[in-house]
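Trainee: If you want the building blocks of each chain, they are given just below.
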Amino acid sequence: MTHPDLDRLTAWVHGFLEAAEAREADAHVAGCAACRDTVEGLRDEARLLSRAIAAPERLSALKEGLLQAASGKRSHRGLLWQIPLAAAVLIGLVTALLSPGSRHSLVDGRVALEDGRVVSAPLDFAASQSWQLHVVDRASVRLSDRSTVDLGPGARISLAPGGARGVLPDLAAGEASFSVAPDPKRLSIVSPAGRVEAADGRFSVRIVFEEEGGVPVKNALAGAIVTVFAGSVALSNANGSVEAQPGQSAALARAEAPLLMTSPQGQQEELLRRLEQLAARVAKLEDEVTQLEQKNKQLKQQLGSNVGPGGAVWTDGAGQSGVRIQTGPGGAVAPGSVIIIEEGDEKKPERKNPAPQEKK
Amino acid sequence: MPVDIRPQQVESISGSSLTELVQNYFMDVYGMCFRVLGRPQDAEDATQETFLALFRTREKLAAAQSLRAWVLTIARNTSISMLRARRPAASLPDSVADAPPIRSPGDPERLDRAMAALSEEDRSLVQMRFMEGRSPAEMALACGRSAGSVATALCRALKRLRDVYHGEAR
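Top to bottom, those sequences are chains A and B. When the letters of the first sequence are read in order and numbered with the working numbering, they come out as residues 1 to 360. When the letters of the second sequence are read in order and numbered with the working numbering, they come out as residues 361 to 530.
Check before you lean on any hint, since a few could be wrong.
[Claimed, not checked] Below, computed lysine to aspartate or glutamate pairings styled on EDC-like, alpha-carbon distance capped at 20 Å:
no. : chain 1 : residue 1 : chain 2 : residue 2
1   : B       : Lys519    : A       : Glu243
2   : A       : Lys185    : A       : Glu114
3   : A       : Lys185    : B       : Asp388
4   : B       : Lys519    : A       : Asp5
5   : A       : Lys185    : B       : Glu481
6   : B       : Lys519    : A       : Asp7
7   : B       : Lys420    : B       : Glu481
8   : B       : Lys420    : A       : Asp44
9   : B       : Lys519    : A       : Asp44
Treat the hints as calculated values from the structure; they're not laboratory data.
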């Protein structure tokens, strides 16, 4: 078995390997103490560099000094002189200034960590570090900015410090539903094909791969489908940006500007609305038919009982009915002749006794 | 109906916008200064100088078409003039074969010097990953390259950093 070289392990630790290579590295590191030690060294190095490049205490003190200078509360001069003092005073504020929340919480479900360990809720993660979570079945994570992410089976998400809200979720695979805690600053979510941002609201992000035999080929071919349920969501990548509203879906693809899709949800709603209209009309028609039938029946009964001197309505019990008119002496119709009007296809009075023409 | 803004109001508006300026761009400015200068403490100085220069020329802020671009230009110029005034960075020593990762606690000054010895491009990658915590996908997007090529470049930058750091110890 050959060991992955330092570059490969570095790429693995920082999440740069493609899925298949990453799995290979996962498997090797799990069984190789020497590589595990190197990996531990790389993680240590990452923490060391983070702190060395941007020392939170010093930077928060400098920022505080500049804020005071901006609001006219402090002279512009000698800000750095005051850093050690300010650092001592502000040390408690450090996490608040540079990383808004201090912890993410796994509130439901189970996830596998980068090193393969499977952990279950409830569990907290320090927000100052990066975490790679691979969801075992389903999981729900409350981020340090109080937003909630519900993750579907198999979803892979990394939570790194960064972005306007101090946490930068990066969805690499699977599906996640975000409920964004309202804040003027937008929560940014990274996907393989671009960025999704919202200040509040609810939406889902699904990573899709151009598949070959059902196996994700390459991260480079991945895109994301975003469906918005509430609030307004901005999608952007190097090629452009678009704003999606509730009920809309949009697609992010690497080589394309973000695209609003004709919303399947909107179509369903439209269809339902039309079906309801149709159902209402059918119901109305049925009512009308029932009313007409009743009226008809009443009429029949009325007529059936109404045998006047001129004639009578008859029915034969088999659906046939008609009016019998008997004219009196001196009429146009000869006395004793009978005209029977029947309901028929032709709606033409049928003359059974053609007597009228024959004048006597 | 047009709103009549008196000079006093303009003053108070820019007062609050200066605070916002610090709130919104502090880390961006620091990042730019770090990228140019390499030493965190120099970058802190340059960050302060940048904001003070911005406060002094606040009237230009209102006129700037892209505030962020303007702020970063000032940060860059400030850093570059500080860089010129500073002693030259250590030149890269001979490469150390397979220099191991830099482990904690580390020597902060040696690390500073090693970071100052990197190219601006290398530092920009290191900064994106370790200061801004950007993901591979984000870095690829920011650099306009594939994640694979960003990974190669980041590995190379880290290797140079380790080389200088460990090389100096000899």
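Trainee: Each hint: holds or not?
Mentor: Verification of the supplied hints:
Taking the CA atoms of Lys519(B) and Glu243(A), the gap is near 41 Å; set against the 20 Å cutoff, the hint is violated. Proximity of Lys185(A) to Glu114(A) is assessed by CA-CA distance (about 29 Å); at most 20 Å being required, the pair is judged violated. This hinted pair checks out: Lys185(A) and Asp388(B) have alpha carbons roughly 16 Å apart, not beyond 20 Å. The suggested pairing of Lys519(B) with Asp5(A) holds, with an alpha-carbon distance near 12 Å, which does not exceed 20 Å.
Between the alpha carbons of Lys185(A) and Glu481(B) the distance comes to roughly 29 Å, so the proposed pair goes past 20 Å and is violated. Distance hint between Lys519(B) and Asp7(A) is fulfilled; the C-alpha atoms sit about 8 Å from each other, no more than 20 Å. Annotation: proposed proximity of Lys420(B) to Glu481(B) is violated, straight-line Cα distance about 30 Å (limit 20 Å). Restraint check for Lys420(B) and Asp44(A): the C-alpha separation of about 44 Å exceeds 20 Å, so the hint is violated.
The hinted pair formed by Lys519(B) and Asp44(A) meets the criterion: a straight-line CA distance of about 15 Å does not exceed 20 Å.
Of the numbered hints stated above, those contradicted by the structure are hints 1, 2, 5, 7 and 8, listed in ascending order.
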